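Asks: Residue numbers (the working numbering), protein chains in the order written: chain E, 1428 to 1918; chain F, 82 to 240.
For the record, the hints were derived by calculation from the structure and aren't laboratory data. As the structure is a computational prediction, the values presented were derived from the model and not from experiment. Backbone N, C-alpha and C fix where the C-beta goes; we use that ideal spot for every residue, glycine too. Treat each hint with caution, since some may be false.
[Unchecked claim] Per label pair, the in silico range of CB-to-CB distance:
id, chain 1, residue 1, chain 2, residue 2, range
1, E, V1837, F, H93, 49 to 59 Å
2, F, C110, E, E1566, 52 to 62 Å
3, E, D1605, F, K207, 17 to 27 Å
4, F, E225, E, A1691, 34 to 44 Å
5, E, L1833, F, A228, 54 to 64 Å
6, F, E102, E, R1839, 45 to 55 Å
7, E, D1574, F, V126, 26 to 36 Å
8, E, A1819, F, E143, 50 to 60 Å
9, E, T1770, F, E102, 25 to 35 Å
10, E, D1574, F, K217, 30 to 40 Å
11, F, E225, E, I1789, 52 to 62 Å
12, F, A224, E, D1779, 48 to 58 Å
[Claimed, not checked] Computed list of lysine-lysine pairs in DSSO-like fashion (alpha-carbon distance at most 30 Å, straight line):
id, chain 1, residue 1, chain 2, residue 2
13, F, K89, E, K1597
14, E, K1900, E, K1889
15, E, K1641, F, K96
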Amino acid sequence: MAATTGPDLCVPLIVFSLSLSLLSLLTRGMEEEFAMLRQLIGQLQELLHNSSPPPPSPPSSSSSSPSFVVLHNPQHQNRCCCLPLFDDTSSSDVSCDTLMAAGKRPRYLKMLDTAKRSRKQKNQVKSCTEAGDGIMDQELWQEFPQDLFESVLSRLPVATLFQFRSVCRKWNALIDSDSFSKSCTDLPQTIPWFYTITHENVNSGQVYDPSSKKWRHPVIPALPKKSIVLPMASAGGLVCFLDIGHRNFYVSNPLTKSFRELPARSFKVWSRVAVGMTLNGNSTSDGYKVLWVGCEGEYEVYDSLRNVWTKRGTIPSNVKLPVLLNFKSQPVAINCTLYFMLTDPEGILSYDMVSGRWKQYIIPCPPHLSDHTLAECGERLMLVGLVSKNAATCVCVWELQKMTLLWKEVDRMPNVWCLEFYGKHVRMNCLGNKGCLMLLSLRSRQMNRLITYNAVTREWAKVPGCTVPRGRKRLWIACGTAFQPSPTARA
Amino acid sequence: MSKIIVLKCVGHNPKDFELDEAVAVQFGCIKDLFHSDFDAESKIVVDVPMKFNSYIIGRILEFCSSRASFSSDRAYWEQDFFHPCREPNQRKRKELIAIMEASEYLGMESLVELTTQSLANYLKGKNPLTIRSLWKVEGDLTAEEEAKALAMGVAKLGH
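Next up, chain E with everything else stripped away, as it sits in the complex (with noise of 0.2 Å):
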């Protein structure tokens, strides 16, 4: 039997160095290479081996023996990292601390070469739990406890969900449940998305992302081709399409195509209409209802769980008729009740989808305002609009005072993007709200600028141009509506 001379101790001061060199990589996320180490370690392994008997000596004593590499890290005295370099033993109770070879460039590198020509070794070295290696990594993630996992999950932004999707099959179907969409819809709500149509092209939507700032390029394949299909309104994930030539409407979810032809209304008139729509609770899975009011104050309400229109009729006398909608504004659902900007008289008109009641609040608006729309933030309604006085014009923000039911001005857009709409003729175009935030279209004859406005940072952002897919073309976005990007909720 050999001493503990020449060879016998180079080897394991190699597998000392490339033991750090390990734990060095690894802390760089450098998985490939960490594995050809361990293949050159198991290697190295296979030598000590056979050169000299295993040594029965458990992992957590500090010893000096030449088979335990034992790091200490001087902050936690009774703890220490032990790599042992034996399969047979192994270290699960020891709670250690890694010390961090950062920094130190390897000259093990070279080494790396000779890992990669070597063959796969078969055998892995085990480490001891707090080594930081890609095993304990596993067997942290394997063990990793489920119901809290789907709460891990269900904070992913949207995107990330959908790669995941493609880890496996447990995973697909673990993000397609329902209890995981109710643990998504626990929480507090994402950033809104916006489906748009632009004036090019009536049949696709063009999406945008606020919170990477993209525009996306979804096809709803369900959706008819030949007719204009206009985004009206959207609740939990879900947008309502009218189309406005054979009056029918649709519901869908924009990210995972769940489709739903809506039957055909009972009133046979049909004129401008406003459209709203409300979740029943907190996801599409309790249903949802959609109300189309039209210009002569006939309304009807389509109720999801029963697949059926309801609650037809015509808003009652006691509101101040006439009633004349502003149908350029979008109607705003907060909780259960919908609300509907009025030209004439000027004030906002709701209605309770619970009750199936309808109010009117007589509320002024604020001068020399034009191309307004209401808007919501939380629970506070909002009003945006254009306020021009000579040459100037500017984007300003109220909220409604409840107790007095006046506009109060908030927020106004910052004068330097203003300066840009002197001495021009501005139009704007709400392209849909929802969760704070707003898109809106500015446009004059020369110029389209689109802007994000967030009603609780008081962020104006602008918007990058929407041009198709491989095309530089950009697009005129003619409306929209915002929606929650939902990967579960069901038409």
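Once you've looked at the hints, dock chain F against the given chain E.
Replies: Okay, now just chain F, sitting in the frame of chain E:
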């Protein structure tokens, strides 16, 4: 006489932690104990499962006592207590997961929220292949299923 709750940790490094009321009420599972009547012995011992070692409980109590004394400014305490998972540090990840589990067991919602969010941030940037290697699963979707999953996915929605 003020009530005392003792958290008894067994396992690798056994330790008993005494909690005063301000700290203990932050634990959903314990705060009820303060409101129940118990007799002369105003000290209750709660056995903590072995898998939550004293180090983890210690970290949680650190967080609690800081919040108990200073009720506002969550961001500050997050930063102080909470190591972002961006660091390529396995020990921190294991610690984070242990804290998450323990705070769920003890009913401390705000800490569960912090930890799960931090872990989500860690996973956010990973691509599915890395996820597979972390969880040691095979990509067992057929080409069709994968195409369907991705087609529904945002990956295909944008360019």
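Asks: Take the hints in turn and mark each one as holding or not.
Replies: Consistency of the hints with the structure:
| no. | hint | in the structure |
| --- | --- | --- |
| 1 | E/V1837 to F/H93: 49 to 59 Å | 56 Å, holds |
| 2 | F/C110 to E/E1566: 52 to 62 Å | 27 Å, violated |
| 3 | E/D1605 to F/K207: 17 to 27 Å | 26 Å, holds |
| 4 | F/E225 to E/A1691: 34 to 44 Å | 36 Å, holds |
| 5 | E/L1833 to F/A228: 54 to 64 Å | 55 Å, holds |
| 6 | F/E102 to E/R1839: 45 to 55 Å | 49 Å, holds |
| 7 | E/D1574 to F/V126: 26 to 36 Å | 27 Å, holds |
| 8 | E/A1819 to F/E143: 50 to 60 Å | 56 Å, holds |
| 9 | E/T1770 to F/E102: 25 to 35 Å | 59 Å, violated |
| 10 | E/D1574 to F/K217: 30 to 40 Å | 20 Å, violated |
| 11 | F/E225 to E/I1789: 52 to 62 Å | 59 Å, holds |
| 12 | F/A224 to E/D1779: 48 to 58 Å | 50 Å, holds |
| 13 | F/K89 to E/K1597 | 38 Å, violated |
| 14 | E/K1900 to E/K1889 | 18 Å, holds |
| 15 | E/K1641 to F/K96 | 53 Å, violated |
Checked against the numbered hints given earlier, this structure breaks hints 2, 9, 10, 13 and 15; the rest are met.
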